[in-house]
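> Here are the chains, one letter per residue:
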Amino acid sequence: MGEVMAADKARKETIGAVRRTFAPWKDPTQTPLIRFENVVKRFGDFTAVNNVSLDIYEREFFALLGPSGCGKTTLMRMLAGFEEPTSGRLTLAGEDLAGVPPYRRPVNMMFQSYALFPHMNVADNIAFGLKQDKMPKADIDARVTEMLELVKLEQFAKRKPHQLSGGQRQRVALARSLAKRPKVLLLDEPLGALDKKLREETQFELMDLQMSLGMTFLIVTHDQEEAMTVADRIAVMNHGVLVQVAPPAEIYEQPATRYIADFIGEVNLIESTVTACEGETTRLTSEVTPSPLTVAHPCEAGPGGKACIAIRPEKLRISLDPPPEGTENVFAGEIWDIGYLGDLSIYHVELACGQRLKVSQPNLSRRVARPISWEDKVWVTFDPDAGVLLTR
Amino acid sequence: MAMAGEKGRGRWFVIAVPYLWLLALFLAPFLIVFKISLSQDVVAQPPYAPQLDLSNGLSGLTDFLSQLSLANYGYVLDFSNEFLAAYGSSLIIASISTILLLLVGYPIAYAMARAPRSIQPTLLMLVILPFWTSFLIRVYAWIGILSPEGLLNQGLMALGVIDTPLEILNTNLAVYIGIVYSYLPFMVLPLYSALEKLDLTLLEAAADLGCPPVKAFWKITFPLSLPGVAAGALLCFIPAVGEFVIPDLLGGSDTLMIGKSLWTEFTVNRSWTVSSAVAVLLLLVLVIPIVIYQNIQQRELEAGK
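Chains as they are written, first to last, in our numbering: chain A, 1 to 392; chain B, 1 to 305.
Worth double-checking, as some hints may not be accurate.
[Said to hold, decoys possible] Subject to a maximum C-alpha distance of 25 Å in a straight line, what follows is the list of computed PhoX-like cross-link-like pairs (lysine-lysine):
no.	chain 1	residue 1	chain 2	residue 2
1	A	K137	A	K152
2	A	K131	B	K35
3	A	K134	B	K197
4	A	K131	B	K219
5	A	K137	A	K158
6	A	K183	A	K160
7	A	K137	A	K160
8	B	K197	B	K215
9	A	K137	B	K219
10	A	K183	A	K131
11	B	K260	A	K160
12	B	K35	A	K158
13	B	K35	A	K160
14	A	K158	B	K260
15	B	K215	A	K134
16	A	K196	A	K137
17	A	K183	B	K215
18	A	K137	B	K197
19	B	K197	A	K196
20	A	K183	A	K26
21	A	K358	A	K315
The hints are simulated quantities; they were obtained by calculation from the structure and are not laboratory data.
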């Protein structure tokens, strides 16, 4: 026990330290491992990827996030070599990848369908890539054993894929793609077929794995929670273009556009008019509420300009009592609907103008009967630093 | 309870139909042939004895059974007769034909499976199209093509490739051409169905792991198409062993095939009994690959679960 705890502590110190300071994208002296330069990919007259420039750094866990058909998978497949860019350049560790076939690229991919070879057992599946490299037999066996241990499938080496559960197949696919120690591991919706609990566990396993192997991981997912959990940085894509590239917290707290604010998590968007810009603070009015609004966020639009206040549901406070006279950022309304999720309750508050705000509150006490009920008159407030101003 | 009874009867009926079919159209004729194979030739109508006569009661049956003998099998299996050589030659011709069919059929099936989805039904149609013409007529047509004055020789001579006609008709080569031509759809269709099911991401995965396309074909595509290879090979091999029309029309006098021997025995020598014994032995020879095929299918079915 003592040993395990010591090991855990050591892991915490090293990995924690790396995680805290890891931000190569902020360091201009770093050279990126993967560079997409003005990459365009067209299928017929459909533009799947439209002028994407993106740098991904060594040891980064990078997520491509977006709705289906946004071009994220095409971007990944170009890196794997299954698609060639229509125009633009793609380099890996300084080497131009144009014309390099997939079987000569030092990247490996874990497929969404896992693509395990059905006629080979688990060990042969994992050894497949190593055999292509003409690795000596003893080394292959050692590497396969190591990989089986890594994904905890030692007893299943001789099983065929159809004799495994979905979670086990997922781990075989992971082991097979890691076996060649690629410079970059590509993960195409790797956890999509797993149930929620297993998916969450596996997300943390993936992060630990990526850290301990020191590899660069590029994951494609449409699941924002998954991207937020695992990634150092997220690129949100829509209609073939990158909308925002930033660490998860920045994407969530500082969304660049309404699309991002709405796509990642829940958000309330309040259309407003700027009355005054005072450095970091912006004052606004809105038709939604008579109360003056103050947001601690600079605004691109000058006085008289239109802006949208974006506030996350958990950053709104809800109360049955009216706030003191003169309080700013107040919305009066009526409870329209309540969603009780156990840990949280979601309140839908209908304002006089008809717009509904979503407010979430943690359920801190064990009362079954909640104090706020349907059709109650409530007041919703927020702090100036809870909101973000969006003009796009 | 009445409901359960009715349901039981309905189920019994559904199961009974195929069994009755097999009983009436396969097992009963087979038993008749088998009985004839144990009889002796006589100059009478029908030309074999004994006949089962139950008018004498039980003694009629014992009399009948005592007259049956395996003598015809002894005759067929005697090395001094040509039957064993004909069996052997049939198996060799059928094996070589099957290999040729595989070599010709696999690329066709592969190209069909990789063709754009929209034209695949048309290609399938083209493979099946020859069936719309009588098999016999199509084999006769090959006589016109392969004969010394035929289209092939005329064409080659006109082009100056040869100056004397090639001797193709009435040789084993013509038999191979005929079998490969006639049986090609039976090879292509099961291969196509196996190749068409192949998940193309498996080939992407192989490429991703460093395997060039040609190697990936042998490591992934071919092993996964083996059930189709087995099905196609057996569908061609089994009828080819007993083939009669093609060796008779295209083959020469020295082309030895069991189907032809059987026909000669039946029509020229008028021995129903020996030809029945030949047929029963041929069936036994062919049951072996059928059993192998069923085993493969069974394994496939279990693997698919």
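> It remains to establish, for every hint, whether it holds in the given structure.
Hint by hint, here is what the structure shows:
For the hint linking K137 of chain A to K152 of chain A, the alpha-carbon distance of about 22 Å falls within 25 Å, and the restraint holds. With a CA separation close to 60 Å, the supplied pair K131 of chain A and K35 of chain B exceeds the 25 Å bound. The hinted pair formed by K134 of chain A and K197 of chain B fails the criterion: a straight-line CA distance of about 30 Å is larger than 25 Å. Using a Cα cut-off of 25 Å, the hinted pair K131 of chain A and K219 of chain B holds, with the two alpha carbons roughly 12 Å apart.
Our distance criterion of 25 Å between C-alpha atoms is met by K137 of chain A and K158 of chain A, whose separation comes to about 17 Å. Under the criterion of a C-alpha separation no larger than 25 Å, the hint pairing K183 of chain A with K160 of chain A is inconsistent with the structure, at around 28 Å. With a C-alpha separation of about 21 Å, the suggested pairing of K137 of chain A with K160 of chain A holds against the 25 Å cut-off. Pair hint K197 of chain B plus K215 of chain B holds up; C-alpha atoms about 20 Å apart against a cutoff of 25 Å.
Among the hinted pairs, K137 of chain A with K219 of chain B is consistent with the structure: their alpha-carbon atoms are about 18 Å apart, no more than 25 Å. For the suggested pair K183 of chain A and K131 of chain A, the alpha carbons sit about 18 Å apart, so the restraint of at most 25 Å is met. The hinted pair formed by K260 of chain B and K160 of chain A fails the criterion: a straight-line CA distance of about 48 Å is larger than 25 Å. Note on K35 of chain B and K158 of chain A: the hinted pairing is violated, with a Cα-Cα distance of about 52 Å set against a maximum of 25 Å.
For the proposed pair K35 of chain B and K160 of chain A, the alpha carbon gap of about 49 Å is over 25 Å, so the pair is violated. Among the hinted pairs, K158 of chain A with K260 of chain B is inconsistent with the structure: their alpha-carbon atoms are about 51 Å apart, more than 25 Å. Distance restraint check for K215 of chain B and K134 of chain A: the Cα-Cα separation of roughly 13 Å lies within the 25 Å cut-off, and the hinted pair is therefore satisfied. Under the criterion of a C-alpha separation no larger than 25 Å, the hint pairing K196 of chain A with K137 of chain A is inconsistent with the structure, at around 39 Å.
Between K183 of chain A and K215 of chain B the alpha-carbon distance is near 24 Å, which keeps this suggested pair within the 25 Å criterion. About 33 Å separates the Cα atoms of K137 of chain A and K197 of chain B, which puts this hinted pair outside 25 Å; it is violated. Under the criterion of a C-alpha separation no larger than 25 Å, the hint pairing K197 of chain B with K196 of chain A is inconsistent with the structure, at around 31 Å. The hinted pair formed by K183 of chain A and K26 of chain A meets the criterion: a straight-line CA distance of about 22 Å does not exceed 25 Å.
For the given pair, K358 of chain A sits about 10 Å from K315 of chain A by alpha-carbon distance, which is consistent with the 25 Å threshold.
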